[in-house]
Structure formats: C-alpha cells, structure tokens
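Chains as they are written, first to last, in my numbering: chain A, 1 to 107; chain B, 1 to 312.
Everything labelled a hint here was simulated from the structure, so no lab data went into it.
Here the structure is a predicted model, which is why all the values come from computation and not from measurement.
It is possible that part of the hints are untrue.
Stated by the list, open to error - Some chain B residues near chain A, calculated using beta-carbon distances under 7 Å:
1) 16
2) 19
3) 25
4) 28
5) 89
6) 111
7) 115
8) 118
What the hints assert, rightly or not - In silico negatives: residues of chain A with every beta carbon more than 12 Å from chain B:
9) 21
10) 44
11) 80
Unchecked claim - Anything over 10 Å on all C-beta distances counts as not near chain A; from chain B, calculated:
12) 60
13) 62
14) 110
15) 131
16) 148
17) 243
18) 287
For each residue, glycine too, the CB sits at the ideal point set by N, CA and C.
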Amino acid sequence: MNDSSSNTPVLRSELSHETEMEDLIRMFVDEIPQRIQNFRCAWDRGNLDEVRRLAHQLKGAAPGYGFTPLGTSAGALESALKQADHDLSAVRIEFKALIQLCSRVAY
Amino acid sequence: MLTLELQPVLLLVDDEPSIHRLLAFKLKNEGIEFLSAFDATEGFELAASNRPALILLDVHLPDRDGHSTLIALKNDPRTKDIPVIMLSGDSDSATKVRAFELGAMDFVTKPCDIHELKARIQSAIRIHSLMQMLEKRAQIDALTGLWNRAHFNERLATELNQARRNNSEMSLIVCDLDHFKKVNDTFGHPAGDAVLQGFAKVLTNELRSYDVPCRYGGEEFAIILPDAGLPASMATCERIRKAIESKRWPNYPDIRATASFGITDTGLEGAGTPEAWIAAADKCLYDSKQGGRNRITQYAPPTPQHRLSIAG
C-alpha cells in the first residue's frame, strides 16, 4: 500500500518475514496514524514535554517491531528537544522528518 | 503450609502499550504469567496485591518517575523483596548507577534485544526463587519440617499484632513429649528422631492449614492458632494428645509416646507481650507435667482469693 500523498517509498518492518509476528506488526502499523495525530496535537498546543514523551515511547517501541529508522528518528527528535533552549529550528526539522517517516510506514 | 506451584508472574510497568504486546508475545512460551501496568500508581498497586516474581519498571512514567517508584517499592514491606529490572531509553551511566543505588537488580536500555531481555528476566526470576528458598529453609527445622524457633519468635509477634488489630481470637499451645530422654536412652537416637518426626506428622494432620506448628527446641513444640479461642484450641489439643498417645511405631513396637500441653488465649491474656504469652503457656505446661503428664492445662487468670493473698 503506497502513501498516495507522496512518492516516497513505503517503510516496511525488517521483521515482516517473521510470520508469527504478523499480527503484532500489523497492529503497530495500524496505530501509526493515531501516533501522528498525537504528535501533531501536542505540537500544535506547544506542549513540547508531551512531544518529547511521545518521541521517547516511539524510540523504545519501534525497533522491537522492526522499524529501526523510525526509532532512530524518534531518538533524534528526543535529543533535539533535550538540547533545545529557545531556538526550536533543529527540533522543527527532526519533528518534520519523524512525521514524514511515520507517514511512510506500511505493512 | 499450603503452597501452590504457580507460574512466576512478571509485572511490566511502562506507558507504551506496544511494548506490552511485544513482550507478552515474546514471553508466551517461557512459562511466565504477564501482568501489565501503564503508570506508576497502577504498577505499585498491582505489585503490592499480586506480589510478582519480577517487576520491569520504565524510568519514564506519566504520573511519577521510575526512580521514585523504585524507592516506594523498596520501602513497602509487601514489595521490597521483589526484584526490579529498570528499563530506560537513556543509557547514561548516572541513570543506571542511580537505579542500582536505589535497589534495582538490573538495568536494560531500550530498545533492547529481546533474547537478551528474556535471558535477563529468567536470570532475575531464578535468583529471586533461590533467595526465597534460602529464606524459607533458614526458618524450617531440618528434622521435622516444621517451622523453627526463629520463625516462631517472629511469627508470634506478627500474629499477636494482627489479632489485636482485627480484634480476633488467637491461641498458643506449647507442648513437650513426655519422658523423651528415656526413649533416646532405651531405644537409641534414631528412635528418638522417629518419635519427633511422628509427632510433627500428628501436628500437621490435626491442625488447620493456617495454624503455625513450630519445633521450639529439643522435644518442645509451640503452635500458634490464629482465629481460635480456648474451646476450639482445647478440642484441637485433645485430638493431638489422643493421636500421639494411640500412635504405634512400626520399627519400635515397644514405644508409647505421650505429650503434655499448656494453652493460653487472647481472652485471658489479651494485653500480653509475646514473652508473657510464652510464659503463661509454659506455666500451664509445667502444671501438666507436675499433674502426671499426658494432659492439657489451660491458662487461668489469678483467682480473686489469689489476688487477695498477694495484696494481703
């Protein structure tokens, strides 16, 4: 299934060959839109603590489901938020990158 | 002592649901029961009520950070002995050192290799069950399998407090095998050991599962009977007395064993300390011995005349 809004390739789980993991990975993938919405919601409200918490969760969870790049990207957003003082430009870049990556996730 | 061999229970406290699903899936063939909590409050409650064999605790929780949750777990008598593996997305050594200082058994950095995590979980559960076994062994008398004196001392104080708190009844029986030295001298020490073991068996047969039979020392035994007033504990005691008296010893047909008993209970000695309870029951046991053995004496408070004579 391709993301119709962009031409970037889909991001599939590195564990998709593990048939017994199928249902679990599917569930994880199905929840990604909700995660994106949670991220956007927190971002729009300016609640950076919540953004950081969501990024932290995703960093810990994604690799277990075979989405290593997603975990890395979430980790980058988390560290950018840790280091951010007043200038949020780096954070904004990492945030956009993560949301884009999330949009590419597919089963 | 009713112990059921159950699967060890693992409690995961983490706010990310997908971690719970993944771990439950990965552990489904490991013989571990899985329990989930998504914040510190829920985690602490489940830990206290379910007493899991192991807690996996995330450092970042929505309501309270993992370190202070760990402190709370280690300060509560219900949860302090449960091993805790801390989970964290941060791998800096200060976070790890802090966790170990606060009593964590292990530390795992997320994302973690599931095989490694499985191995660490199994290892923590193994250590926990060995510790429990050692602790229990240290409180059990090797010859009879009853609780030993160390356990009795601890338990009597606990049960007395509980009875007082719940305003419930409780009894204490102390008993001593009659002429035990003669059994040893006449038939040898193996015979003496057999009698001690036989008496222990009589006790476990006649007592309820929540009574606490202990070998106090030598041929002396003490039994705590929670929720039992004098009439009930007298009846139990009489059954024990008859059972040991009528017991025959296949390898030693000439042995006849009897025991003498002293009983005290809450109604008579409500405000007493553990020492006062033991002294009162001991006094009764002494009276049973003086009265001719193979009998039961229950504690009676000093009579008015008696008090009068002391006062006078």
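Identify every previously stated hint that the structure contradicts and give their numbers, smallest first.
-> 4, 7, 8, 9, 12, 13 and 14
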